[in-house]
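Just so you know, the protein sequences line up as chains A and B, in that order. Per our numbering, the very first residue in the first sequence carries number 1; after that it's consecutive. Per our numbering, the very first residue in the second sequence carries number 1001; after that it's consecutive.
Source of the hints: derived by calculation from the structure; they are not laboratory data. A few of these clues could be false.
A few chain B residues that face chain A, going by a derived Cβ cut-off under 10 angstroms, partial list only [unchecked claim]: (1) 1121; (2) 1129; (3) 1134; (4) 1289; (5) 1290; (6) 1291; (7) 1292; (8) 1313; (9) 1360.
All C-beta atoms in this analysis are idealised placements derived from N, C-alpha and C, irrespective of residue type, glycine included.
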Amino acid sequence: MPNSKSAYSFSNKKEKFDTHIIVVWVDNEAGVLARVVGLFSGRGYNIESLAVAQVDEKLNLSRITIVTTGTPQVVNQIKLQLRKLVPVHKVADFKREDKAVIFKEMALFKIVGPNNKLEGALKACKKYNPVILDKTKKSNVIQITALRREIDKMSKDLKKFGLVSVSRTGAVAMTRGADIFK
Amino acid sequence: MSKLYSGAEIVFKCMEDQNVDHIFGYPGGAVLPIYDELQNFKSIKHVLVRHEQGAGHAAEGYARSSGKPGVILVTSGPGATNVVTALTDAYMDSIPLVCISGQVPTHLIGTDAFQECDTTGITRPCTKHNWLVKDINDLANTIHKAFEVATTGRPGPVLVDIPKDIQFQKTKYKKPKKENKLNGKSHNHFNQNSIDKLIELMSKSSKPIFYTGGGVINSGPKASELLRELVYATGFPITSTLQGLGSFPGDDNQFLGMLGMHGTYEANNAMHDCDLMINIGARFDDRITGKIDEFSPKSKKVHIDIDPSSINKNVKVDLAIVGDVKTVLSSTLKSLKQKKSKFLNSNKQKTSKWWEKIQKWRSIRSLDYIGSEETIKPQYAIERLYELTKDKDSYITTEVGQHQMWAAQHYKFNKPNRWMTSGGLGTMGYGLPAAVGVQVAHPKKLVIDIAGEASVLMTIQEMSTAVQYNLPIKIFILNNQYMGMVRQWQELLHDKNYSESYTAALPDFVKLAEAYNCVGIRAKTPEELDDKIIEMLNTDRPVIFDCMVDKVENCFPMIPSGKPHNQMILGPKDQESKKITGKGKSLV
């Protein structure tokens, strides 16, 4: 940006981005997901993945897990802005490197090909608790649970075994040990 | 068995219990059942506007001048979309509004029915919260909750969308529950420890400054009283944002004037050079900070705010105190009296050099301008308006642009809730309907909209509202035939390419006033200005005052974009050095 001819000033500072997993407990009501997601898009925050479902029928609570990237200042803003939403009960923030927290994503792979390829695919998935959900003579549907980057890698590696379709969830998170997030 | 009420009746029963006395609205198909009930609730008076945006701004003016939430009633579709600008404006400036909108019947939602729109979807990003009521049994609780959300914590607008069939259905009425906590969210999160820290910082500082904002006003009149007490007890200098004007007397010696892009030289330099900045209810907005990485480089920063998300959003602070300004100030004063009862005396010595420096900046007289005997200088017009109205406890609204900045610079406010201006969103067309709302809340007071000719044309239709309800608002137009602020930026930054900023076919404002059945007055020379203003003040009807001012005057001083506080442009005299000082040297 040359000398700014503007009513605004421009910043050319580049800051380090960290990956965070934000967990939000919300009232399960109409439009609540739109509020949360709209807050992210409206304020220019990233969403890398999103997982949401009701977790308590009686209290009518849903749990939203969002993987996001941002500077420490941005991540702090995300938490504070989320806490201002009326249907939000609590907000947790975990760094991806955090050893005290489990992160998991699930993926379904459809492999089409001759038997040796199907077996090769299954073998390649071995580390990630593969489950065969559907099996025909020509095809397999394999489910694995793993980390994001592991699934990224598998999506690439399985191509040579006849991968034709990938479906995957966003990450979900839970703390290790007996404690729960309050 | 208790009585059953229709949804429409419940809307008004709720308003009665929330002590609503005025609503601003416009009828339409999807709110007809509510309008049908209006006559049965005598304590609630409806003000019929001419455009729903006007209803929104009028409700804002009402809220800001009275401290009560403003209430709006509009129909579905275009009724709701027209109010979006006002809701966004209120969201940016933290004004409590409750907007009730009609919606097509529930079974038609999603069918692209006549005058249907996704109102809750459209208003989601410009309200604190909104609700679509699909069950009559939820209606009363939802409306009560709406008032609570709008008025607690950092105030803001909310919207309740009510489908037409719900307005007809009947159920029992539920009174508001006495409940002060929002989802377990309380608003004061500070402890004595942080107050002690604040006092320690204050006693160590030799170059302190208070930087106060709209949060002081929003915290209620008591907060302004406490602020004055604290500022006098410490002897520190104080500056205010655009929204905070009036919380501290504008003519007091400790007041350095407004800060920011068009703030005074002394306020901005003091912000830049201070060693302790105490931000009370302001939000480090970009019009205030200038270049953010060179903003007040040597200071410890304290931030007092009710909204935790305001802390460290734009500027990292050393001490954050999250709480209501009133509560924080009263704790601070209490501790100050207990621990440092002789604070003022012990501090005078320490800050004397700082005050000397401030006096030096002050002596630059950055608000001075070059006077004229032929044309009315806009600053002169505001000065005269101030001099002739300062004893009247007047309420001032503005539109957006140069006139707004001149009003902020030259009109001095001594009380809170007297200054209503669109700061965050910068909405042209705000001032006239806002004045309508202010006059509704204060029928006997003098209400003036300091306007520009371009802004005022955006909502000029509300003159008709003012006439209908005998609201003697005064529209004081600084008419320079340009969108002045746009022209100024084009002059300074775009090589005087005045692209589309000149209005070639303006109406005759005096005739326009007559067409609306109010009074038109025109002033063309500095000589006749005082008499004309007095004539306006003596008219007990709405007035449009066409003040023909210098067409090319620019608003100074200013911080150019991308520059820090200590690099202000002082004015044309900065370049040409033909400095004519002394207020109206050629005139008064």
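Hints, one by one, checked against the model:
1. 1121: 7 angstroms, holds
2. 1129: With a minimum Cβ separation of about 4 angstroms from chain A (threshold 10 angstroms), the hint on residue 1129 of chain B holds.
3. 1134: The hint holds - residue 1134 of chain B has a Cβ within 10 angstroms of chain A, the shortest such distance being about 8 angstroms.
4. 1289: Cβ of residue 1289 of chain B sits 9 angstroms from chain A, so the hint holds.
5. 1290: 7 angstroms, holds
6. 1291: Constraint on residue 1291 of chain B satisfied, holds at 5 angstroms.
7. 1292: Cβ of residue 1292 of chain B sits 7 angstroms from chain A, so the hint holds.
8. 1313: Given a least distance of 6 angstroms, the restraint on residue 1313 of chain B holds.
9. 1360: Where the cut-off is 10 angstroms and the nearest Cβ of chain A is about 27 angstroms from residue 1360 of chain B, the hint is violated.
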